[in-house]
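**Q** With the hints as constraints, model all of the structure from the sequences given.
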Amino acid sequence: MKCAETMEPEITARTPHKNMVRIPTGLLGFEQIKDYVLTTNPDEEPFAWLHVEGNSALAFVVIDPFVVLPSYHPDIPKADVEFLQLSESKDALLLGIVSINGDVPPTVNLKGPIVINRHTHVGKQVIITNAAEYSVKHPLPVAAE
Amino acid sequence: MLILSRKIGESIVIDGRIHVKVMRVEGDVVKLGIEAPSEIPVHRQEVYEEIQRNNRQALTKPSTPLPKLPKLLPKLANGAPKK
Numbered sequence: 001m002k003c004a005e006t007m008e009p010e011i012t013a014r015t016p017h018k019n020m021v022r023i024p025t026g027l028l029g030f031e032q033i034k035d036y037v038l039t040t041n042p043d044e045e046p047f048a049w050l051h052v053e054g055n056s057a058l059a060f061v062v063i064d065p066f067v068v069l070p071s072y073h074p075d076i077p078k079a080d081v082e083f084l085q086l087s088e089s090k091d092a093l094l095l096g097i098v099s100i101n102g103d104v105p106p107t108v109n110l111k112g113p114i115v116i117n118r119h120t121h122v123g124k125q126v127i128i129t130n131a132a133e134y135s136v137k138h139p140l141p142v143a144a145e
Numbered sequence: 146m147l148i149l150s151r152k153i154g155e156s157i158v159i160d161g162r163i164h165v166k167v168m169r170v171e172g173d174v175v176k177l178g179i180e181a182p183s184e185i186p187v188h189r190q191e192v193y194e195e196i197q198r199n200n201r202q203a204l205t206k207p208s209t210p211l212p213k214l215p216k217l218l219p220k221l222a223n224g225a226p227k228k
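So the protein lines, in turn, are chains A and B. Read in the numbering used here, the first sequence has 17 at position 17, and its numbers run on one by one without any break. When you read off a place in the second sequence, starting at 1, and then add 145, the result is the number in the numbering used here.
Hints may be right or wrong, so weigh each one.
[To be verified] Listed next, with one range per pair, are the computed distances between beta-carbon atoms:
id, chain 1, residue 1, chain 2, residue 2, range
1, A, F83, B, K166, 27 to 33 Å
2, B, V170, A, P141, 40 to 46 Å
3, B, V167, A, A143, 50 to 56 Å
4, B, R198, A, S56, 21 to 27 Å
5, A, K78, B, I159, 17 to 23 Å
FYI, nobody ran anything at the bench for these hints, they're computed from the structure. Predicted model, so just to flag it, every value in this text is computed and none were measured. Even glycine gets a Cβ: it sits at the ideal position worked out from N, Cα and C.
**A** In structure tokens form, the structure reads like this:
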């Protein structure tokens, strides 16, 4: 765990610059990739980018899941809350991974959100306890043409 | 891999605190009852595989155009999770 003094300011979705995010256990299927850069840009809201650090060709599009589904109530396992050292819910930044796949309508993963401690910038892809209530491919409400 | 035979109603205990009991057998379906402390996540393996597959599909190029969302979508001030 890094020292708090070396950390960048607290992450908010409106932070208009890049934030390093460390995901020590990696994302499922990408366990070896642990360092990411979260990039937010006001023009792209409510989307943000989770870039693979050191590989400018690879990134995930992410979104605040509460924007997509205001009634979203993810139950974060206690072990993950402890691992991320979250003492209250506002310490956590939740990001849903967005799938954008050509002709298929875009979706967001609500079963396995990335939970980031805004203060330590340490994150983890968490399988929520109530995963059965949500889809890995929850449709995004796309604007009509 | 450790292989154990169990009858209906019999259990195994893992680490002295996780109990897995065979509840019913119906054809090729085995119903298991699992009792574990709340900090132990228990999921069907398919959930992990589904998320893994979804992650692989979601990996994209930073040049990917983003979808347009309806303007009416509520924007939260800072994305703080509500409890």
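**Q** Hints numbered earlier in the text: which of these fail when held up against the supplied structure?
**A** Result: no hint breaks.
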